[in-house]
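The lines below spell out each chain.
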Amino acid sequence: MDRDQIRTAVLACLKTIAPELEEAEIRADRPLRDQVDLDSMDWLNFLVALHQRLGVDIPESDYGKLSTWDAILAYLEAKLAA
Amino acid sequence: MIEFKLPSLGADMDEGRLVEWKVKPGDPVKRGDVVAVVDTSKAAVDVEIWQEGIVQSLLVQPGETVPVGTVLALLSGEGEAAVVPAPAPSPARRPVSPLARKRARELGVDIERIEGTGPSGSVTEQDVARAAEASAPVDRQAQMRQAIAAAMSRSKREIPHYYLGETIPLATAAAWLTACNAERPVAERLLMAVLQLKAVALACREFPDMNGFWRDGAYVASSAIHPGVAISLRSGGLIAPAIHDAADKPLGTLMRDLTDLVRRARSGSLRSSELSEPTITVTNLGDQGVESVFGVIYPPQVALVGFGRIAERPWAENGSLSIRPTVSASLSADHRVSDGHRGALFLADIRELLQHPERL
Chain A
45 MDRDQIRTAV LACLKTIAPE LEEAEIRADR PLRDQVDLDS MDWLNFLVAL
95 HQRLGVDIPE SDYGKLSTWD AILAYLEAKL AA
Chain B
6 MIEFKLPSLG ADMDEGRLVE WKVKPGDPVK RGDVVAVVDT SKAAVDVEIW
56 QEGIVQSLLV QPGETVPVGT VLALLSGEGE AAVVPAPAPS PARRPVSPLA
106 RKRARELGVD IERIEGTGPS GSVTEQDVAR AAEASAPVDR QAQMRQAIAA
156 AMSRSKREIP HYYLGETIPL ATAAAWLTAC NAERPVAERL LMAVLQLKAV
206 ALACREFPDM NGFWRDGAYV ASSAIHPGVA ISLRSGGLIA PAIHDAADKP
256 LGTLMRDLTD LVRRARSGSL RSSELSEPTI TVTNLGDQGV ESVFGVIYPP
306 QVALVGFGRI AERPWAENGS LSIRPTVSAS LSADHRVSDG HRGALFLADI
356 RELLQHPERL
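From first to last, the protein sequence lines are chains A and B. Under this note's numbering, the first residue of the first sequence carries the number 45, and numbering increases by one thereafter. Under this note's numbering, the first residue of the second sequence carries the number 6, and numbering increases by one thereafter.
So here's chain A without its partners, still in its complex pose (with noise of 0.2 Å):
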């Protein structure tokens, strides 16, 4: 899976917890949860959600490698080309 294929995938799931949102109006080098209004329980939908459709199972101990846009997508690309 290539980086725009994650991309894809990422703002797929991200919309299912906030509908409204607009790739563009993500800034992909800031938090991106306090950008989206994510509380714990939109976050861990989030995750679910990547889980269901990329297979990929986050320990809660890497959450902190995922704070931007940048950066989890960074992290999905490592961890899928695993």
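Just so you know, the hints here were simulated from the structure itself, not pulled from any lab data. It should be emphasised that the depicted structure is a prediction, and the values quoted were computed from it without experimental measurement. Ideal Cβ positions, reconstructed from N, Cα and C, are used throughout, including at glycine. Careful, some of the hints might be misleading.
[Unchecked claim] Partner residues aside, some chain B positions facing chain A, computed with beta carbon under 7 Å:
| no. | residue |
| --- | --- |
| 1 | A192 |
| 2 | L196 |
| 3 | D292 |
[Unchecked claim] Here are some, though not all, of the chain B residues that point toward chain A, as calculated from beta-carbon distances under 8 Å:
| no. | residue |
| --- | --- |
| 4 | T183 |
| 5 | N186 |
| 6 | A187 |
| 7 | V191 |
| 8 | R194 |
| 9 | A198 |
| 10 | R239 |
| 11 | T264 |
| 12 | V267 |
[Stated by the list, open to error] Pairs of lysine to any residue residues, derived as SDA-like cross-links and limited to a Cα-Cα distance of at most 25 Å, are as follows:
| no. | chain 1 | residue 1 | chain 2 | residue 2 |
| --- | --- | --- | --- | --- |
| 13 | B | K27 | B | G82 |
| 14 | A | K59 | B | D144 |
| 15 | A | K123 | B | R189 |
| 16 | B | K254 | B | D265 |
| 17 | A | K59 | B | A49 |
| 18 | A | K109 | B | N186 |
| 19 | A | K59 | B | R239 |
| 20 | A | K109 | B | I328 |
| 21 | A | K109 | B | A184 |
| 22 | A | K59 | B | R194 |
| 23 | A | K59 | B | P190 |
| 24 | B | K29 | B | S274 |
| 25 | A | K109 | B | R194 |
| 26 | B | K254 | A | D86 |
| 27 | A | K123 | B | A184 |
| 28 | B | K254 | B | C185 |
| 29 | A | K59 | B | Q293 |
| 30 | A | K59 | B | D292 |
| 31 | A | K59 | A | R47 |
| 32 | A | K109 | B | V191 |
| 33 | A | K123 | B | C185 |
| 34 | A | K59 | B | L263 |
| 35 | A | K59 | B | G241 |
| 36 | A | K59 | B | S240 |
| 37 | A | K59 | B | L238 |
| 38 | A | K59 | B | S272 |
| 39 | A | K59 | A | Q96 |
| 40 | B | K254 | A | S84 |
Since the structure of chain A is provided, determine the placement of chain B on it from the hints.
Structure of chain B alone, referenced to chain A:
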């Protein structure tokens, strides 16, 4: 004959607009069945029935707005002869004034669907205007803001609030949660909010003066513990539906129920019992970064527990200083029902329960 009335779904509801019937004359219904969808100022709600019987007649039609308490339908109960509904007669052609027909065209209203109130059931210009108003798009956000304004104004006008705050150490709970979640697949992980919710529900067992309703000048404790969970809606506003029997549920069940409740609150498919039955409110604004929350009680409830942000803070104990995760818990309570002393013991109980997460 049993009357099925429009229930009150909260202190901020005076009326509701029937969106859809889920039953028709002749259908059997039992307790807990969803029989209608009603639009309130906050959301479209699946309205349940709490009687058993056979639907005899539907007295209110979709699109009509009626006050709380209006009889929506009649049912025959056990032992009563069920009346098989006669087939509806084919509608006679009704007179429509030319002015009404013109007005209907201008407003884009289907004249055949309008009930006439003029002579011989004729459709008048006023009937058209009323129908157009009823079918106008609802400004949900404005309505919700008005509903919140009405309920919160009533609360501040009628309830003598008192407020208490307590800093609760969460090192044990956080470590327990981390270990617990490491064993669980992502879809079954728990949030600290669920531990907090369960702790409040268990504390309500010991403090019935926090869990109930002030009605008609007196307090009535609730035998059930149904905490209402404040859920912010992405389009603005909030709603606080109940999680039923929270004190009796294991954490995994509570987490599933909470996830489901948040999803349905945001997609607009709550049930009437979830809106009419909360016995205390729990609000959690920690994710938004606030230190503490001092909430406004949702009448006729008598207490609200708020949780702020969980963060590492300095903690002094036994003469030494350490860094621990803590949360600020607050209680807003009704002074007509309890005093600060009871409120302090209630918060202390919540703190103590959160020190033993394995028992929750």
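We went through each hint and held it up to the structure:
no., hint, result
1, A192, "holds (5 Å)"
2, L196, "holds (5 Å)"
3, D292, "holds (4 Å)"
4, T183, "holds (6 Å)"
5, N186, "holds (5 Å)"
6, A187, "holds (7 Å)"
7, V191, "holds (5 Å)"
8, R194, "holds (6 Å)"
9, A198, "holds (6 Å)"
10, R239, "holds (6 Å)"
11, T264, "holds (7 Å)"
12, V267, "holds (5 Å)"
13, B:K27 to B:G82, "holds (19 Å)"
14, A:K59 to B:D144, "holds (23 Å)"
15, A:K123 to B:R189, "holds (19 Å)"
16, B:K254 to B:D265, "holds (15 Å)"
17, A:K59 to B:A49, "holds (22 Å)"
18, A:K109 to B:N186, "holds (18 Å)"
19, A:K59 to B:R239, "holds (12 Å)"
20, A:K109 to B:I328, "holds (23 Å)"
21, A:K109 to B:A184, "holds (19 Å)"
22, A:K59 to B:R194, "holds (21 Å)"
23, A:K59 to B:P190, "holds (22 Å)"
24, B:K29 to B:S274, "holds (21 Å)"
25, A:K109 to B:R194, "holds (18 Å)"
26, B:K254 to A:D86, "holds (22 Å)"
27, A:K123 to B:A184, "holds (23 Å)"
28, B:K254 to B:C185, "holds (17 Å)"
29, A:K59 to B:Q293, "holds (20 Å)"
30, A:K59 to B:D292, "holds (20 Å)"
31, A:K59 to A:R47, "holds (18 Å)"
32, A:K109 to B:V191, "holds (16 Å)"
33, A:K123 to B:C185, "holds (23 Å)"
34, A:K59 to B:L263, "holds (20 Å)"
35, A:K59 to B:G241, "holds (17 Å)"
36, A:K59 to B:S240, "holds (14 Å)"
37, A:K59 to B:L238, "holds (15 Å)"
38, A:K59 to B:S272, "holds (13 Å)"
39, A:K59 to A:Q96, "holds (14 Å)"
40, B:K254 to A:S84, "holds (21 Å)"
Checked against the numbered hints given earlier, the structure satisfies every one of them.
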